[in-house]
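Assemble chain B onto chain E, guided by the hints.
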Amino acid sequence: MDVPIAWYLILSAALFSIGVFAFLIKRNIITIFMSIELMLNAVNLAFVAFAHHWHQVSGQIFVFFVMVVAAAEAAVGLAIIISVYRSRETLNVDQINLMKL
Amino acid sequence: MTEVSPVLRILPEVLLTLTGVLVMLLEPVIDIKASRKPLGFLAISGTLAAIAATGYQLQLPPGTAFFGSVQSDAFSAFFHFVICGIVLVTLLVSLDYFEGHTTYVGEYYALILFGAVGMMLMTSSVELLMIFISLEISSISTYILAGYRKRSATSPEASIKYFLLGSFATSFFLYGIALCFGATGSTNLFDIARGIASGASPLLLTVAFGMMLIGLGFKVSLAPFHVWTPDVYEGAPAPVVGLMSTAPKAAAFAVLLRICYGAYGTMTHLWMPLIWILAVLSMTIGNLGALTQRNVKRMLAYSSIAHAGYLLVAFTSLAALGIASAGFYTAAYAAMNVGAFAVLGYLSGFDEKRTNLIDYAGIARRHPVAAAALSVFLLSLIGIPFTAGFFGKFYVFTGALNSGNAWLAVLGLLNSGVAAFYYLRLLAQMYMLPAEPTLEPNTMRARPGFILGVAILVFAVFALGIFPNRTLSLARDAGATFTSHPNPVPQPQAEAIPQQ
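As you go down the protein sequences, you meet chains E and B in turn. In terms of the working numbering, the first sequence has 26 at position 26, counting the first letter as 1, and numbering is strictly consecutive. In terms of the working numbering, the second sequence has 197 at position 197, counting the first letter as 1, and numbering is strictly consecutive.
Bound conformation, chain E alone (with noise of 0.2 Å):
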């Protein structure tokens, strides 16, 4: 049985809008930073869902690149969070606000 095509779109959109809102209401940056990872992810499924849309490698190609580039990203914010907790001793969003908005 074939899955259409829509079903993979609605369940990507609902892990982007998941990773969204966790992004806003979270408070701790580690958590913070799984949200983005899940709304990279979300972005992923759609992608392969449209290579295979399309009959296109070329989407599938794509994943691999953004996966490759999420891991860079981890590298560096995992290091930017040591850095913040070095200084800070919390990891709590709320008290890492020496500068106002």
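I should point out that these hints are in silico values taken from the structure, not numbers from a laboratory. All clues stand as given, with none of them false.
If the Cβ cut is set under 8 Å, some of the chain B residues that face chain E in the computed set are:
#1 129
#2 140
#3 143
#4 150
#5 153
#6 159
#7 163
#8 164
#9 174
#10 175
#11 182
#12 185
Here a beta-carbon is modelled for each residue, glycine too, at the ideal position from N, C-alpha and C.
The following block gives chain B in isolation, referenced to the frame of chain E:
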């Protein structure tokens, strides 16, 4: 059709990458206590080589390479010159900034070079995959650079805020790319333009454009996506702020131009109102926000939001003229903003002793030359005649008037009037008030690198303000690439790499 080797199409980027790798390789070889300045000179010579390579690219016929993913043309060359210029001056200015304060100076030069590679690739990419990867190369380097004053409390905070909101924005941009791919079956800008012309799903395309606009809006700090800007600019080291408030923005604006005029060229009714609203919001919020700031770096951060708004006004004057005025404004803004942050970095030193407006009271008496240079940059930011800022604003607003956006021009001019107030307040602080006796005098001496960098910028500000024609004709050529090559230049057969 003459065949051009694909490597020549990305020659400046290749040179910068090689220099960056060389800097990284030499860094551990140098004695740990020794000065890192030779690495800085190496980085500077690499940047000069990249400028020369861009000049060489201008001689080549415009064309694509690597399966149509990068295109070197007058447009990419113009932005290459701007970005290389910014990087060159930033390197000159930071030669002594970090000396004695941190041991990671070698990596600093390498990161700036790698970031520049990303920014320059962004301007020459015509494939959304390439644009995404180069956007990430430039972003990841600047995330690290923002946190370079590791021991201070504010710098890591700036870094984490920039990182989190930057990656958040990237995911939006990426989702937009996915939807664009879904609508047209391709991620090549020319194929997307063709897909739009042949009636791809308008709903998907609209959402895709909105998503990409959100992503790029974060990167260039357009209101309402600007909230990270003041915090990051306050915490990051001043020379880095000069770099990241201009070079990545120039690159992101180049991408936006390629998407708006290249891919979505036939859907102006879709993006014109969006750009209009963002331009007005950015100008107004930026200028009103700057009025209330006590911290000079935050004030300039809000001013950079406003300037992003002025730049967007250029988008509304359609066709080649809009691209030309946007390009010119990027160059003008780069010269004055890098200069302002360079002088601020010099006056406040590595420890950022002078942060508030009040700390700049009477500084003209203690540092007359630095204060004079800062005044030139501030006057140019206001848009006084005979400075770069004047012609930048002049071309942008004339373009808006000519294309029937009179209201936008009026709102922009009103905003410039408001903006004059807070720049003049800093000027008055420097020249009119007596010096603050409590603040110990700055121990940092002006070094040749810094003097040369600021001299180049002052020269650029006046050159663009008095003889704008040369830069403007370059920008016109850049704008013309969109009208003369609506379709991709045919790819030379040689690069069709054997398939499987």
